[in-house]
Amino acid sequence: MRFRLPHVMLLLIGLLLMNTVAADNSGPIIPKGKGEQCVADTDFMRRNHMDLIVHQRDETVIRGIRDEPFSLAECVDCHVQTDANAKPIRIDAEGQFCSSCHTYVAAKIDCFGCHAAVPDPIDDKKLGFAPAANEAIEAYLARNLAENNSVGDRSSVESNRLAAKNPPDLAQTHDALRTFRQKHVQAAHSARTPLHRESVLR
Amino acid sequence: MKSTASNSPSNASAAARRRFLQGLGTIGAALVAGSAVLPANAQATVKEIKGVTGKHRWGLLIDTTKCATGCDACVRGCNAEHGINSTGNPDTDAQWIRKIELKDNLTGQLSSLPMMCQHCESAPCVDVCPTGASFKRADGVVLVNKHTCIGCRYCMMACPYKARSFIHEPITDQLTRAPRGKGTVESCTLCVHRIDASGSQPAEKSAEKTVQQPACAVSCKEDAHNAITFGDLNDPDSEIVQAIERSQAQQVRADLNLNTGVRYTRL
Amino acid sequence: MNPTHRFQCLKSYQASYWFCVVVCALLIGLGAYCALTMEHAGHIVSGMNNHVVWGLPHVFAVSLIVSASGALNGATLASVFGNPHYKPIARLSVALAMCLLIGGLLVLVLDLGRPDRLIVAMTTYNFRSIFAWNIFLYTGFLIIGVGYLWMMMEKRFHRHVLTAGRIALFWRIVLTSGTGCIFGFLVGRNALDSALLAPMFIALSLVMGTAALSLVLVVLAKWQPAVLTTALIQSLNRVLIWFLLALLYFSVVHHLTNLYVSEHHDIERHLLSGEHAALFWVGHILLGVIAPIVIIVSRKPEFALITRMVVSSACALLGSAALLYVIIIGSQSSPQVLFPGKTVVQSSFGDGGFTSYQPSLWEWGLGIGGVFLALLLCLVVLRVLPLLPESTHGSGLRVNGVQSALEPSDSTDHSAASVAVSGS
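These protein sequence lines map, in sequence, to chains A, B and C. So for the first sequence, my numbering puts the first residue at 56; every next one is plus one. So for the second sequence, my numbering puts the first residue at 444; every next one is plus one. So for the third sequence, my numbering puts the first residue at 1222; every next one is plus one.
For reference, chain A alone in the conformation it holds in the complex (with noise of 0.2 Å):
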């Protein structure tokens, strides 16, 4: 059913073609992750990222496991883009993460027909945020994203190199952000301070 091995080498071809000569534009252009590294070897998870989620989709499913690395939230936690105005990307729209390479090998996956292609929305309000630092959260992200626009729009494999090498100080304060309000969603669902019954009854 699957003819894995060529798409891949075909794949890892272009990739390579692409690395070495930059303007070249056959191959996918794929948008860089979140953070440092993937959950594995970069190039393991090329080949093998198929096999993981699917193991893991079992494990989760059928055994109830969910602290294993390879979630398909936590891909797309990582994977997303965000447009200019701070708002995530669905990743399987068109030329992002998940669809980069898959166009190109014409694979096609149905997950997120029912995956939230996005992170879940962070509703501040129930986690009793400041509104006030909220506000200012948001009007510094959309500020320095206009900017910048270094997160959504990326024009080739070699800019994102460079952003990768090169960490704008804006991108760490995004992450640094993002990450604390994720902790403070984590926190409201696991607590279910009375604050949620807002979100439940609204």
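Keep in mind the hints are simulated off the structure, nothing from the lab. Here the structure is a predicted model, which is why all the values come from computation and not from measurement. One or more hints might be untrue.
Computed cross-link-like contacts, SDA-like style, restricted to lysine to any residue with a CA-CA straight-line distance of at most 20 Å [to be verified]:
no., chain 1, residue 1, chain 2, residue 2
1, A, Lys-163, C, Pro-1336
2, A, Lys-163, B, His-590
3, A, Lys-163, B, Thr-615
4, B, Lys-493, A, Lys-163
From chain B, some residues computed to sit far from chain A (all C-beta separations above 10 Å) [said to hold, decoys possible]:
no., residue
5, Gly-494
6, Thr-530
7, Gly-624
So these bits of chain C aren't anywhere near chain B, every CB distance computed over 12 Å [stated by the list, open to error]:
no., residue
8, His-1475
9, Glu-1496
10, Phe-1560
11, Pro-1561
12, Leu-1606
For glycine and all other residues, C-beta sits at the position ideal for the given N, C-alpha and C.
Fit chains B and C to the supplied structure of chain A, relying on the hints for placement.
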């Protein structure tokens, strides 16, 4: 060495190991000395057991005397938790949990209760599913594995409680914790994502204290009705088992002998 | 088996043949369009909902599958029961059965929520599921059908025809029972929870299969008159009556036992006097059983034998489909009793009430497409394989006369068969 054993999870395999080690101790000092290495290994294997086991069987108790007529807090809680939005047609919408108002034919007494997947021990939906997508987790939660569900809807034909919903339309804006999509069948999951989120807790602690409650139970509590109790049916000391015994709670359609995981008081 | 029977492909190049092919193709195209629409938009465009989860496509699919196993009857009568009138159409009977089955399965598959996951259905099995057994029964039926045809078509294998016929007979009984069991063991559905459904489905399959075979024969006789002899028509009509009576018997017993079980009363009332009453009484009883019997036994000379066969078969086919509709839809639209002794005052899911179901045009299209796919397959197969008796002048009586004289070996086979069966 002894202290290591008593620290380990008090489950069957740990007990067996303890017996085994005691046996070893009686054999001789030389062996005891050798077994100093063993418990470390054994400890490791016990800890390696991951994922849900049959140690717990999760269930719900619905106290119909506390369930308020016209209140649908549990339904709203469930819908918010799983990102279920109504399209306005109750016959094709997903309804993981629904409220039913009843009148006794003899006494005329009104009662109210929520109906959802009853998480049967011998679940008809699991028996009939051709691909095995409809399955019962080791801890008794009946689920649909939406990755292998082909949407044949035989489980819906088989369910005596009409507890399952087929997704008739494409869905957008799902929540990360609740993937849902057109063409598959779904039903109450007993909020497994919450159960599992607390699954890494040490096993000694009483189950109810550490395991997160399902969204319906939380909402019911927040509305000050407290009609839904969640807990471990396998634990004779748990609140739910005690309450079931006290109130003589019943199963819906007990005649079918399905040994449901959801029980009702004063049915 | 019989030297006097020579077979050939369908040779007709008459306009009527091509007309049939084009009509079939058009309707298949329509069906494909409907299936695509349903797959794309979801089942929301069908009339189905979370009460009536199996709708009109299932009625079509079950009708086709059940007819398939019944259509095999022609071959069984010829090779297992040694009936000479059926020998010329034995091959056709097997081919038709396989085509009908494929048509039915296709409708079933296209009505899945995720037809794209068919590969999952074929690679992962839950062996406790009757549905999964049925997948084996269906594939087995096709394989046995191919083997059976092969035995009949290869001269050197003729001596195995009887064995193949017996296996096929056994298999089709199991298959139809299996189809009945899909519905028969649903504890939650009061109207269905009955072991009687299995024998009833067998009777249903005999009626529908015989009727379908008769109609196909009439059409084929236009191009190849040798397929239909007077004796064959008479025999087909006769067996149809018996099958109809058997069906009526099981249908009556089924409803009587349901009436006897008091918890099923409401549902019985719904089935026999509610929304589906007209379909049951007019469709199944009047059109489906009484009309065909009356038409066949009436000796009015103004109706030609063949006309009587066409009308009675069409009536029986439609009436049986109506019965299936009542069984499948009726059982789902009636409420499931969850709380005996209590009345449901209110429920967001309409518990305690009857659901109405209106099949949408997409469903009709899908079902009809399946029927005509089966027919087109048959038309094509008949063109490429020599399955029809060779056209000779003056077919009918000659075949009869010659046949009985030439059959001694087969009738001994037949007695051997009954010994074997009673011995096992």
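Status of the hints after comparison with the structure:
no.: 1; hint: A:Lys-163 <-> C:Pro-1336; verdict: holds, 16 Å
no.: 2; hint: A:Lys-163 <-> B:His-590; verdict: holds, 15 Å
no.: 3; hint: A:Lys-163 <-> B:Thr-615; verdict: holds, 19 Å
no.: 4; hint: B:Lys-493 <-> A:Lys-163; verdict: violated, 32 Å
no.: 5; hint: Gly-494; verdict: violated, 3 Å
no.: 6; hint: Thr-530; verdict: holds, 17 Å
no.: 7; hint: Gly-624; verdict: violated, 3 Å
no.: 8; hint: His-1475; verdict: holds, 18 Å
no.: 9; hint: Glu-1496; verdict: holds, 16 Å
no.: 10; hint: Phe-1560; verdict: violated, 6 Å
no.: 11; hint: Pro-1561; verdict: violated, 8 Å
no.: 12; hint: Leu-1606; verdict: holds, 32 Å
In the structure shown, a violation is registered for the earlier hints numbered 4, 5, 7, 10, 11, in ascending order.
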